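J.: We have chain F already, so just place chain V on it with the hints.
Number of protein chains: 2
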Amino acid sequence: RLDDIDGAKMINKAAEEAGVKINYTIIIDSGLNRFGVQPEKAVDFANSLKELRGLVLKGVSTHPGHVYSAQSHRDLPKYVEDERTAIKKAVDSLKGAGYALEIVSSGSTPTFFGAVTDENINILHPGNYVFNDYIQMSTDIATESECALSVYTTVISHPTEGHYMCDAGSKTFGLDKGAHGNASIKGYGYVKGHPELTVSSLSEEVGKLHVEGSTSLKVGDKLEIIPNHACSSANLTGYLIGCRGDNVERLIKIDLRGNSTSKNVK
Amino acid sequence: RLDDIDGAKMINKAAEEAGVKINYTIIIDSGLNRFGVQPEKAVDFANSLKELRGLVLKGVSTHPGHVYSAQSHRDLPKYVEDERTAIKKAVDSLKGAGYALEIVSSGSTPTFFGAVTDENINILHPGNYVFNDYIQMSTDIATESECALSVYTTVISHPTEGHYMCDAGSKTFGLDKGAHGNASIKGYGYVKGHPELTVSSLSEEVGKLHVEGSTSLKVGDKLEIIPNHACSSANLTGYLIGCRGDNVERLIKIDLRGNSTSKNVK
Numbered sequence: 001r002l003d004d005i006d007g008a009k010m011i012n013k014a015a016e017e018a019g020v021k022i023n024y025t026i027i028i029d030s031g032l033n034r035f036g037v038q039p040e041k042a043v044d045f046a047n048s049l050k051e052l053r054g055l056v057l058k059g060v061s062t063h064p065g066h067v068y069s070a071q072s073h074r075d076l077p078k079y080v081e082d083e084r085t086a087i088k089k090a091v092d093s094l095k096g097a098g099y100a101l102e103i104v105s106s107g108s109t110p111t112f113f114g115a116v117t118d119e120n121i122n123i124l125h126p127g128n129y130v131f132n133d134y135i136q137m138s139t140d141i142a143t144e145s146e147c148a149l150s151v152y153t154t155v156i157s158h159p160t161e162g163h164y165m166c167d168a169g170s171k172t173f174g175l176d177k178g179a180h181g182n183a184s185i186k187g188y189g190y191v192k193g194h195p196e197l198t199v200s201s202l203s204e205e206v207g208k209l210h211v212e213g214s215t216s217l218k219v220g221d222k223l224e225i226i227p228n229h230a231c232s233s234a235n236l237t238g239y240l241i242g243c244r245g246d247n248v249e250r251l252i253k254i255d256l257r258g259n260s261t262s263k264n265v266k
Numbered sequence: 001r002l003d004d005i006d007g008a009k010m011i012n013k014a015a016e017e018a019g020v021k022i023n024y025t026i027i028i029d030s031g032l033n034r035f036g037v038q039p040e041k042a043v044d045f046a047n048s049l050k051e052l053r054g055l056v057l058k059g060v061s062t063h064p065g066h067v068y069s070a071q072s073h074r075d076l077p078k079y080v081e082d083e084r085t086a087i088k089k090a091v092d093s094l095k096g097a098g099y100a101l102e103i104v105s106s107g108s109t110p111t112f113f114g115a116v117t118d119e120n121i122n123i124l125h126p127g128n129y130v131f132n133d134y135i136q137m138s139t140d141i142a143t144e145s146e147c148a149l150s151v152y153t154t155v156i157s158h159p160t161e162g163h164y165m166c167d168a169g170s171k172t173f174g175l176d177k178g179a180h181g182n183a184s185i186k187g188y189g190y191v192k193g194h195p196e197l198t199v200s201s202l203s204e205e206v207g208k209l210h211v212e213g214s215t216s217l218k219v220g221d222k223l224e225i226i227p228n229h230a231c232s233s234a235n236l237t238g239y240l241i242g243c244r245g246d247n248v249e250r251l252i253k254i255d256l257r258g259n260s261t262s263k264n265v266k
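In order, the protein sequences belong to chains F and V. Using the numbering used here, the letters of the first sequence correspond one by one to residues 1 to 266. Using the numbering used here, the letters of the second sequence correspond one by one to residues 1 to 266.
Isolated chain F, as found in the complex (with noise of 0.2 Å):
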């Protein structure tokens, strides 16, 4: 995936030199403004990159990850939309240049229902899905149930009326939160069957829970805990439980974090 001038020749350039083609697809920016050329300047992209022999292009893909400030479902369409529209415009101008498009992909979890149905999209990409967790919940994408990882954790203490601590912490569900001003999120996490909990701080190693009302907690329960956000809070364990029901099923080695190929440890 290219949208960089430089960055292209470098890669050509390596080709090259090992006698192979690469093939690259065209990111499009459809709003998250961080990778992506303009939809409107596909065709001088990929002009430009036309003398560059060991580079091959292959399509367009986008990644309207945007889509993570809407507030409720009701704002999902809006983004649905914006990648629906910008592919739509990067397909028909490259096609109208004459350019051959085997890939057009894009796709994320909370966008997934509309882009199904994208007459120019070949390709889908959502990711969160696998697990789903409670930024998803917060749009309605995924119900609790639906929400496959959870942290597990043990009430270590309780030292003042108002909260309890717990032995998770950032190094473990992560900070990541909702966009800002997304009020469905609240905390660090959702502790499943305990409404009253709110994860309202996190340090290291522990968690800080809040009550609101009573609670029937106390020291030495176990409590499972959807991480606000998945995908960071996976990699931050050596492994995972794999549970089916109620049986732990195998352990899963993490092995996707950086500077993690051990083949370099000594």
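Careful: at least some of the hints might be erroneous.
No copy is singled out in the list; a pair is fine if it fits within one copy or between any two copies.
[Unchecked claim] In silico BS3-like links for lysine-lysine, alpha-carbon gap of 30 Å or less:
| hint | residue 1 | residue 2 |
| --- | --- | --- |
| 1 | 177 | 58 |
| 2 | 218 | 58 |
| 3 | 9 | 253 |
| 4 | 177 | 192 |
| 5 | 41 | 58 |
| 6 | 218 | 9 |
| 7 | 78 | 218 |
| 8 | 222 | 41 |
| 9 | 89 | 41 |
| 10 | 88 | 186 |
| 11 | 88 | 9 |
| 12 | 50 | 218 |
| 13 | 41 | 21 |
| 14 | 78 | 9 |
| 15 | 95 | 192 |
| 16 | 50 | 89 |
| 17 | 13 | 222 |
Bear in mind the hints are in silico, worked out from the structure with no lab data behind them. Quick caveat: nothing in here was measured; it's all calculated off a predicted structure.
T.: Just chain V now, kept in the frame of chain F:
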């Protein structure tokens, strides 16, 4: 370290079953309002644990972590005062009640300069100073050259005029910020040698660098970025690259992550 009678009873039971004694300190709340009994309740708490024969009181401890809401160096003495006052109250009352205190421990990196001269504290445990970070820089506790941990990242794209993308994101930096309102911390890290750059937002695997004014930055450049919070960042990688001067001396494996005990992984 104990602050909860129910937790103490569980530990006591386990100790008695194992036929061992467990030494403990009482956690005192010096203002962080996380763990800890109020200083004036230390004697009551010690008394309530007297009958637990598996537990042996060795002293008191605190962590004045609320210092991380300091906005500048001149705010720090207030937090040192909280730390010293809480410790003094607890120590005086416990000694007055006939308890011998072998350990009086406290510590945080920003309050160390004041706590080190305290007449009661005999064990100091500042932790962040091992690396220091942008949060320490924000209150002039550390200078740039005193920050030992930085993220080495490559500029991978320059999609529009105002920003560049690098190949390190929230899974490398963490999302830790200085306390709310701390105007010294901008973004998610301090880009060494590039005052014109702010790490303005993080996706999991990539970071967005905003430019104010002009920059010589180009795709392919390597950047060294001091993270906001070294404690979290150090934990996000599989290994650190230990350098002395300009030489890589050795790779340091990280093994204290959540669920990182590899003996459990098949």
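J.: Hint by hint, say whether it matches the structure.
T.: So, going through the hints one by one against the coordinates:
1. 177 / 58: neither (36 Å within a copy, 40 Å between copies)
2. 218 / 58: The answer is between: 26 Å across copies meets 30 Å, while 58 Å in one copy does not.
3. 9 / 253: For residue 9 and residue 253, neither the intra-copy (37 Å) nor the inter-copy (35 Å) Cα distance is at most 30 Å.
4. 177 / 192: Answer is both; intra-copy 18 Å and inter-copy 28 Å each pass.
5. 41 / 58: within (17 Å within a copy, 70 Å between copies)
6. 218 / 9: between (61 Å within a copy, 13 Å between copies)
7. 78 / 218: neither (45 Å within a copy, 35 Å between copies)
8. 222 / 41: Between. Shortest inter-copy distance 28 Å satisfies the 30 Å Cα cut-off; intra-copy 54 Å does not.
9. 89 / 41: within (10 Å within a copy, 68 Å between copies)
10. 88 / 186: Cα proximity of residue 88 and residue 186: none, with 37 Å in one copy and 37 Å across.
11. 88 / 9: within (27 Å within a copy, 65 Å between copies)
12. 50 / 218: Close across copies (22 Å), not inside one copy (66 Å); limit 30 Å.
13. 41 / 21: Within one copy only: 24 Å inside a chain, 72 Å across chains, cut-off 30 Å.
14. 78 / 9: Cα proximity of residue 78 and residue 9: none, with 36 Å in one copy and 56 Å across.
15. 95 / 192: neither (50 Å within a copy, 44 Å between copies)
16. 50 / 89: within (20 Å within a copy, 75 Å between copies)
17. 13 / 222: between (55 Å within a copy, 19 Å between copies)
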